[in-house]
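One letter stands for each residue in the lines below.
There are 2 protein chains.
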Amino acid sequence: MPRKLNDIAHRSAAVVAHSGGPTPVINASLLGIVEQARLHSQITALYGARFGIAGILSEDFIDLYQQPDDTLQAVARSPSSALGTSRREVGSAELTQALDVFRAYDIRYFFYNGGNGSMGTAHQIQSMADAAGYDLQVIGIPKTIDNDLLETDHTPGYASTARFFASAVRDIGADNRALPGQVEFIEILGRNVGWLAAATSLARARHDDAPHLIYFPEQRLPVDKLLSDVERVFRRLNRCVVSVCEGQLDENGEPFGADVRSGSRGNLAMNLAHRLALLVMERLKIRARSEKPGLLGRACTACISDTDWNEARHCGQAAVAAAIEGERGKMVTLLRGSGAEYAAETGLTSLDRVAFFERPFPAEWRNQDGNDVLPQFHGYAAPLVGTIEAHGALVDARVSKSRNTLHSEK
Amino acid sequence: MPRKLNDIAHRSAAVVAHSGGPTPVINASLLGIVEQARLHSQITALYGARFGIAGILSEDFIDLYQQPDDTLQAVARSPSSALGTSRREVGSAELTQALDVFRAYDIRYFFYNGGNGSMGTAHQIQSMADAAGYDLQVIGIPKTIDNDLLETDHTPGYASTARFFASAVRDIGADNRALPGQVEFIEILGRNVGWLAAATSLARARHDDAPHLIYFPEQRLPVDKLLSDVERVFRRLNRCVVSVCEGQLDENGEPFGADVRSGSRGNLAMNLAHRLALLVMERLKIRARSEKPGLLGRACTACISDTDWNEARHCGQAAVAAAIEGERGKMVTLLRGSGAEYAAETGLTSLDRVAFFERPFPAEWRNQDGNDVLPQFHGYAAPLVGTIEAHGALVDARVSKSRNTLHSEK
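These protein sequence lines are chains A and B, in that order.
Sequential numbering from 5 applies to the first sequence in the working numbering.
Sequential numbering from 5 applies to the second sequence in the working numbering.
Next comes chain A alone, as it looks inside the complex (with noise of 0.2 angstroms):
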């Protein structure tokens, strides 16, 4: 790409901040951030802001030039935001704020670490800055576990909360087959998508483990269908594991009676997979319960994917090394390669071609009966998650029922 004048770096401040959820590699992406920015005698000050936006909006910045590298390093291999991240919706008053203050410490770049929502605002300060005449870059980095952003393989984050997901539902379907006569329905983070909950097959090692179902919510789900799914497969095995995700809804467009409550995206259902065991305790009189691993999910030091933790440092190093080469206005993205081994650089795309824009799971990865996933999904996503070695089984060496004949033989 040629390179124009006046994006020729500055010297001068640079600022990150993480925006939504966290994830279990963001602290990785910051590491990125950091180690690369050191390179880079342009970059003459580097700050993180705290709890995100709002905390350049309160200039509440650490110095992240001063992390000594094995602080750097643990913060790394930890999970959730080490700086602390928001939800706060910011409007353009706001805005004008946040440039003020990058006016104010002479901060220039600007890397922001979010989803969608996130790289809309990095969108519009870009905008406002440069209509402003102010020079800053902005570069946004990509981050969510939702695994929802367009113009990237996948997101920094996803590959992580599917390895813990897929870890859960392998370790609950042994309980459920060891413990049988009961449904189990787990819930698995997602409110729009279905990539997480698709994740949950990836751990299956003989055709009768978990999960037996796996719904998706880009579809609504008829109590009925559900029933009838539950039913069936609880008659054969005696055991039934169900992935749903937390913002599955029925028929109706409604999340099956659960309790909700009003959060940043709308109102969100409490209690999914709770109402689901109810249905089925009521309806088919079959014993069931529900798990919750929530946030855990989002955030498990234990489960953290090796592909997931290397692929988010980069995008934090690509980010920076963009903003030396000029870029602005861009987010980073990976590409996977074409090889038969998997493999992935980084990218960039502009950030209003992300921008608010949600990437659905896709429906030719899903069975007919809308309640599996197809093989190629696994292409894509195993590279990603990892290995998840399968559980140990007896050999099914069974004592003949001889009783008679052993008796004799005394």
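Any given hint could turn out to be false.
Identical copies carry no separate label here, and so any pair may be met within one copy or between two of them.
Said to hold, decoys possible - Dumping the calculated SDA-like pairs for lysine to any residue here, alpha-carbon to alpha-carbon at most 25 angstroms:
(1) K289 x D263
(2) K229 x P366
(3) K289 x G261
(4) K229 x L253
(5) K405 x D67
(6) K405 x A58
(7) K229 x N242
(8) K229 x E258
It should be emphasised that the hints constitute simulated quantities derived from the structure, not laboratory data.
Based on these hints, arrange chain B on the given structure of chain A.
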């Protein structure tokens, strides 16, 4: 202990059965049984009953001597019960039938792996065999995530489940710290005893780390006390994480309006933490949510404690060794050494000293407010659970808010 003549080991078959909920390490006890039995020619056959006592009654046995070593090792490293288990309550008619099966297969050793109820059953079988003049040696192997057995320092299965919940509360606590402004209830396994809830304190590293409140089902929790505790923490930190057991009851002995289902051990609340979140939202007007990892807590592959695993294996070995020594009607126990460094060895106790008793969390390890543990508990539990690494945290190098100064320096 002097060996009685009729206690000298027979050459005959042995059976192993699991009882009650699975644990992360019950399969390690199974490994211990198999490897020890293989050393003794007196145990001519080793059968695993499928799904507990039901497998004995239906003569559904797996030949454990036919299991390859690598299979046993893989099984031992996997949570849940590889044999299958059962919560079935058995009466004396069924126990008589079980004895008939033992006779038919010349089973003279019975290894029963379960909790206090199961030790009651084991005791009953031993008594019935003795009364019938059938020479049977029953040895109990302790297993319960609840840690509520008498006569043993702790129970296999507790430490791994404790490790899961401590890690989960650390991780969810980090999420709550990064995205504050709400109260998090985390539902912990435990109907009657607070051993697991107490363990969620083990991963705290900073003074304001989660959990901020821990409740014990041994004590009723008045709604107003809960709300005032939560409000106080929230006003101070703008966040709050609460560890609460699934079996917690309010001042009226009710589960805070939760939905209940009837189980083998009475009514079970299905959504207790969710009810508490609703209470906080309604009464305190503070955002709240709940997480319920549920059965993942007793099945999590990633959180198995090394100490727990090793001890579970040793308990299996010790059960076989005791039988070969001529013991009967006993349960294996774990005895803690008195040295500064943690060490434990196995012992034996009479089944009737364990059967049906329940060991509550000690009142002297709770604080006066009844909402946290005292340090003595950590001395007890930390060596069992093992080190849980603290999350990294940024050095608090705040950038001074000298906007005008910075401006004038340019």
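> How do K289 and D263 come out at 25 angstroms by Cα distance, when the copy is not named: within, between, both, or neither?
Replying inline: Cα proximity of K289 and D263: in one copy and across copies (23 angstroms, 16 angstroms).
>> Within, between, both or neither: how does the pair K229, P366 come out at a Cα-Cα threshold of 25 angstroms?
In response: Within one copy, since 21 angstroms is at most 25 angstroms while 49 angstroms is not.
> Can you tell me if K229 and N242 fall within 25 angstroms by alpha carbon in one copy, between copies, both or neither?
Replying inline: Classified as within; 19 angstroms inside a copy, 43 angstroms across copies.
> Between the shortest in-copy and the shortest cross-copy C-alpha distance, which are at most 25 angstroms for K289 and G261: within, between, both, or neither?
Replying inline: Classified as both; 19 angstroms inside a copy, 22 angstroms across copies.
> What label fits K229 with L253 when the C-alpha limit is 25 angstroms: within, between, both, or neither?
Replying inline: within (13 angstroms within a copy, 36 angstroms between copies)
>> At most 25 angstroms between alpha carbons: which applies to K405 and D67, within, between, both or neither?
In response: Cα proximity of K405 and D67: across copies only (12 angstroms, versus 73 angstroms in one copy).
> From the Cα coordinates, with 25 angstroms as the cut-off, is the pair K405 and A58 best called within, between, both, or neither?
Replying inline: between (71 angstroms within a copy, 14 angstroms between copies)
>> As a check of your reading, is K229 near E258 (CA-CA no more than 25 angstroms) within one copy, between copies, both or neither?
In response: within (15 angstroms within a copy, 35 angstroms between copies)
Comparing the model with each earlier hint shows no violations; every hint is respected.
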